[in-house]
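Chemist: Please take these sequences and the hints and turn them into a complete structure.
Now for the letters of each chain:
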Amino acid sequence: DAGVIQSPRHEVTEMGQEVTLRCKPISGHDYLFWYRQTMMRGLELLIYFNNNVPIDDSGMPEDRFSAKMPNASFSTLKIQPSEPRDSAVYFCASSFLAGVAETQYFGPGTRLLVL
Amino acid sequence: AQKVTQAQTEISVVEKEDVTLDCVYETRDTTYYLFWYKQPPSGELVFLIRRNSFDEQNEISGRYSWNFQKSTSSFNFTITASQVVDSAVYFCALSGDNNAGNMLTFGGGTRLMVKP
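Order-wise, the sequence lines are chains A and B.
Mapping to this note's numbering: the first sequence position 19 is 19, numbers consecutive.
If you want this note's numbering, it's the 1-based position in the second sequence plus 1000.
Some hints could be false.
Label pairs and their calculated CB-CB ranges [stated by the list, open to error]: (1) A:Lys68 - B:Ser1012: 40 to 46 Å; (2) A:Asn51 - B:Lys1070: 32 to 38 Å; (3) A:Pro84 - B:Gln1057: 24 to 30 Å; (4) A:Leu115 - B:Ala1081: 43 to 49 Å.
Just so you know, the hints here were simulated from the structure itself, not pulled from any lab data.
In this text, a Cβ means the ideal position worked out from N, Cα and C, and glycines have one as well.
Modeler: Here is the structure:
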């Protein structure tokens, strides 16, 4: 089975540009999570979806960040406009919740550098 | 509020040494889940183990073992006869069985360096 797929793996952009990160969860998983990892703040949950519906976006840093999940097999995280402080590794994870907390499986991450 | 503390930010050992990575957690949930993930230099996060709060049996998987002690709120991870390939950052994480789905709270990670 394919794991969580993220694209692009690396992104370098200039300040002010729009950035779109993509994620395909594991088939059959009904939870999808977006995390950001930085040296200063470690791993932070940005937002998560259940059955394509955003459940908690309290971790989204500001209005420049938005996330969508138009269907069960695709999600995007968009930053517009991007700023240098957005430079980080962004992870997508998915899990299947069957009444108890299940394991989250992570994608390989997108390393974003905003110049 | 949930919290996970990994007090050891960095550990360096020589190959074949045993090493224990500490994890202490705080939660008010009566049912919760503990996880360990490995992040090798390539950057991905690899799931290692999941343990629920009602199962205090220690677990062994090859050179890896986990010691869950509810009395001290600890879930420590031991690598026996460490190898260079074990060099990575290891994260302990906690998830509560509340209405917040299975949101994970991560510790700050422990960077393990195994030298040949």
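Chemist: Could you run down the list of hints and mark each one as holding or not?
Modeler: Against the structure, the hints come out as follows:
Against the hinted window of 40 to 46 Å, the Cβ-Cβ separation of A:Lys68 and B:Ser1012 comes to about 43 Å, which satisfies the hint. Separated by about 33 Å at the C-beta atoms, A:Asn51 and B:Lys1070 satisfy the suggested range of 32 to 38 Å. For A:Pro84 paired with B:Gln1057, a C-beta distance near 48 Å fails the hint of 24 to 30 Å. A:Leu115 and B:Ala1081 have their C-beta atoms about 44 Å apart, which keeps the hinted 43 to 49 Å range intact.
Of the hints listed earlier, the one the structure fails to meet is number 3.
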